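S.K.: Using the sequences provided together with the hints, build the complete structure.
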Amino acid sequence: MKFNLSSFFYLSITLLLVFALNKKLGSIPPLGKFLDPFNGFWQQAEPRNATTENTLQIEGLKGKVSVMFDENRVPHIDAENDYDLYFAQGFIIARDRLWQMDFQTRFAAGRLSEVIGEKAVDLDKYNRRMGMGFGARNMEAFVKKDPKMKGVLDAYTHGINAYIKTLKPKDYPIEFKLLDYAPENWKPINSAFLLKLMSATLAAASNDFYMSNALSKFGPEVINDLFPNYPFREDPIIPEGTKWDFQPVGKPAVPEGLSYQTDIKLQPKEEGLGSNNWAISGNKTSTGFPMLANDPHLEMTLPAIWYQNQLTAPGINVYGVTIPGSPGVIIGFNKEVAWGVTNVGSDVLDWYKITFKDHTKREYLVGKEWKAVKKVVEVIKVRGMKTITDTVLYTHHGPVVYQEGEKPKSFPKSNNIPVGFALKWIAHQPSNDIKTFYELNRAKTYADYRAALIHYVAPAQNFIFASKENDIGITPNGYFPLKWKGQGKFLLDGSNPSHEWKGRVPAAHNPTVKNPARGFVSSANQFSTDTTYPYYLHWEFTGYERGARINRQLSTMEKATVSDFQALQNDNYSIHAENIRDVLLKNIHQDQLNERELSALDVLKKWSLRYDAREKAPSIFEWWHKRLAIGIWEDEFSDEKNPMIMPSRDRTVELLISDEKAIWYDNKNTSVKESKQDIITQTYKATIDSLYKIFGEMGSSWEWGHVKGTNIPHLAKIAGFGTKTLYTGGSKTAVNAISQTTGPSWKMVVSLGPKVQAFGLFPGGESGNPGSFYYDNMVEKWAGGKLNSLYYYEKGNPDTKRIKQTISLISKN
Amino acid sequence: MPVCLIGGFFFSKSGKQAFWSGFSSIFMLWVIKMLTLSLPNEHLLANRIGQVFMLPESNNNWIILLLAGAVIGGLVGGLSCLTGNSFQKTK
Chain A
1 MKFNLSSFFY
11 LSITLLLVFA
21 LNKKLGSIPP
31 LGKFLDPFNG
41 FWQQAEPRNA
51 TTENTLQIEG
61 LKGKVSVMFD
71 ENRVPHIDAE
81 NDYDLYFAQG
91 FIIARDRLWQ
101 MDFQTRFAAG
111 RLSEVIGEKA
121 VDLDKYNRRM
131 GMGFGARNME
141 AFVKKDPKMK
151 GVLDAYTHGI
161 NAYIKTLKPK
171 DYPIEFKLLD
181 YAPENWKPIN
191 SAFLLKLMSA
201 TLAAASNDFY
211 MSNALSKFGP
221 EVINDLFPNY
231 PFREDPIIPE
241 GTKWDFQPVG
251 KPAVPEGLSY
261 QTDIKLQPKE
271 EGLGSNNWAI
281 SGNKTSTGFP
291 MLANDPHLEM
301 TLPAIWYQNQ
311 LTAPGINVYG
321 VTIPGSPGVI
331 IGFNKEVAWG
341 VTNVGSDVLD
351 WYKITFKDHT
361 KREYLVGKEW
371 KAVKKVVEVI
381 KVRGMKTITD
391 TVLYTHHGPV
401 VYQEGEKPKS
411 FPKSNNIPVG
421 FALKWIAHQP
431 SNDIKTFYEL
441 NRAKTYADYR
451 AALIHYVAPA
461 QNFIFASKEN
471 DIGITPNGYF
481 PLKWKGQGKF
491 LLDGSNPSHE
501 WKGRVPAAHN
511 PTVKNPARGF
521 VSSANQFSTD
531 TTYPYYLHWE
541 FTGYERGARI
551 NRQLSTMEKA
561 TVSDFQALQN
571 DNYSIHAENI
581 RDVLLKNIHQ
591 DQLNERELSA
601 LDVLKKWSLR
611 YDAREKAPSI
621 FEWWHKRLAI
631 GIWEDEFSDE
641 KNPMIMPSRD
651 RTVELLISDE
661 KAIWYDNKNT
671 SVKESKQDII
681 TQTYKATIDS
691 LYKIFGEMGS
701 SWEWGHVKGT
711 NIPHLAKIAG
721 FGTKTLYTGG
731 SKTAVNAISQ
741 TTGPSWKMVV
751 SLGPKVQAFG
761 LFPGGESGNP
771 GSFYYDNMVE
781 KWAGGKLNSL
791 YYYEKGNPDT
801 KRIKQTISLI
811 SKN
Chain B
1001 MPVCLIGGFF
1011 FSKSGKQAFW
1021 SGFSSIFMLW
1031 VIKMLTLSLP
1041 NEHLLANRIG
1051 QVFMLPESNN
1061 NWIILLLAGA
1071 VIGGLVGGLS
1081 CLTGNSFQKT
1091 K
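Line by line, the protein sequences give chains A and B. Sequential numbering from 1 applies to the first sequence in the numbering used here. Sequential numbering from 1001 applies to the second sequence in the numbering used here.
Warning: the hint list may mix true and false statements.
As the list claims (entries may be wrong) - Below 35 Å or equal to it, Euclidean Cα-Cα: the simulated DSBU-like pairs (lysine-lysine) are: (1) A:K23 <-> B:K1033; (2) B:K1033 <-> A:K804; (3) A:K381 <-> A:K187; (4) B:K1016 <-> A:K812; (5) A:K335 <-> A:K168; (6) A:K168 <-> B:K1033; (7) A:K413 <-> A:K381.
By construction, these hints were calculated from the structure, which means they are not laboratory data. Given the structure is predicted, the values throughout are model-derived calculations rather than measurements.
M.R.: Take a look at the structure:
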């Protein structure tokens, strides 16, 4: 053997190449490993049809579990006991969605930097400072005290870990390979983190900071006028006039000397996430038994947010969707009952100004006493960098999310956070929410439904219910803090004990209605009740348009069928367009319009008020009414240093319908005094101009289906893993609430009776593997407004026509 | 890589031959394995991965990935063989 210069050279080159090909360079995965067909991405390329039978021996199982997959690869799990059932659920869902579960847990726990590096540090700090970990730990500790739920969580955890144990690096889901990291063992607290993520998505809205700034600028009279505590038009969830059958525990008094002043570019108030549900009693259906529908609206991503599965074991046989990472079924049905949820959106997040004793910030004022501050040090590992630490100050209210100098410069998520204030958030409260779903999964009657709701804390949901026994009901339900009217509309004073939450509304006093005279119940995130409800839940809810349309349609239904419900879920009619289209047309200066603008106006005149994909009018109307709202409010409500929100759509509609001379129409930034007609005309012209600039001639490119640009991206925004643009109709003010990236993440219709029948799908697929034909197989059907017929497996009686593959899990003992 | 380091040392005649035999054996092995996995998948995944690497959406991305991957694998194979060969006493 000889070592000379050339051999040294070749050896070095070879080693260098191998090294480079196995190293992640920036966001490029290690190329050698990734492109290698024996270990790389090719291993995740699945054939279209799986083998039909499979037996897996797994350590930890007590008995045998049969997992039957139907034509949509929905698993129907049949186990002999609860432990094996949740074990198998964990195993199977990990098999399909492991990376999603890992990534979303890391997101919630503020551990993305470990994988992604420096650019995730602000986000990780934010999630930790908001107390996501604080809340998850509190939830875990509380659930562990309940032996049954602890058992469920443990079994589920063991199942996930049993699956992870089977993986060799070549088997890792593709995103692990792309981001170059390995899956880690699942812990029960991860399920808590995922439930906290739901709270962060649905129960973390806070305009308190913006409202306080607005109050400072305009004073209480204007604020009460423009931001009233009940909207001009409403169709509440609990029908108007429903009597309350309890004695309220007391109305906290509004403290003296209120109006917290702050020392502080317009937030166009983007419509929050919402959902629809409704149920109709047997005397209004064709079958004589109730029907129920639910479509929760979320930010749509792939892998799909939800996962369909059926859980069968002694005492339970439930079908529905679950959140990957959390055991049980969240929305679904069994032989006797069906249930669903929409977001309540009550005020469960408040900010308390902290008065520190001195610059050491070791103590803070409460009443006349100084309380000790608790310092918590978060340790954040960052890929490619030194580990960083972040110190957060905790008070009895909660964490001071940002002190002076801590708010990151360009991090939009933190825009609504006031500096120097402690966060009081329901998500920090210990809770056993999974117990509610555990009991709903096994419910047989209305009484079971009501009993299940008691455990539930957050995020508060409008739980709708229907039973084979012909009961229907709805309950805006969760932990509602006992507040004085308007408490939390503005920032609060952390040193004033009378500003704190006074306990909770007793669970039995949560608003509810059973079998109302009108024969149906529904919710679409609007106000829970009329103004007679004795407790204060919030001053603002989502607009009434969807709820009103749903109620309008349901009230005329006789002998309703599944198709009627499906049609209502797909309904594109907008009550908002109904409210103002004619007002706008009446007030426009037609003599100031040119030919293009007049022909577009004609399109608007002839419009059916439906946000149908093929129509051009929705594009014009949507851009116009948004521009008009900004035109009316922006000059007064934008201030870079003291950001505010502008008045709601409802308040704007009230203005346009009933106020001819309001000062708000005038644009303060111009020397001219604009009238109502002026601002309407100007914004119209600007709208048409923009549409022409971006979409060219008023032809098919102006169709709403194209302009809306609905698409479903990958969870980590990986190119090629999302969908292309989908041509669909819908609007946030129509029942079919599809926007650019939000929409019905699950659509379900259940028809109860001697044999339950159900229909549904979601925009995605059961598999989280982009290399699978079941990754996005339901998207097109979803976009077309169709539903799949769901297979409800009966124990011991498998339908061989629908079952395409069976996996038997047996114990390895 | 180690296989070809040793093989190149013991079995190859010239550097050029070492390189090309190393390259082509890995190249062919990888192409066959890639096709075995990708064809039943109708190239669904490979075409998506092409977009991850900034290729435009196309049904032919898989070809580029296949060639790129096999070339890279072949290169490592060929270089290992060449390195092994370069340790030979007589040339």
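S.K.: Determine for every hint whether it applies to the structure shown.
M.R.: Hint check results:
no., hint, result
1, A:K23 <-> B:K1033, "23 Å, holds"
2, B:K1033 <-> A:K804, "28 Å, holds"
3, A:K381 <-> A:K187, "19 Å, holds"
4, B:K1016 <-> A:K812, "54 Å, violated"
5, A:K335 <-> A:K168, "41 Å, violated"
6, A:K168 <-> B:K1033, "18 Å, holds"
7, A:K413 <-> A:K381, "21 Å, holds"
This entry does not satisfy hints 4 and 5, going by the numbered hints stated previously.
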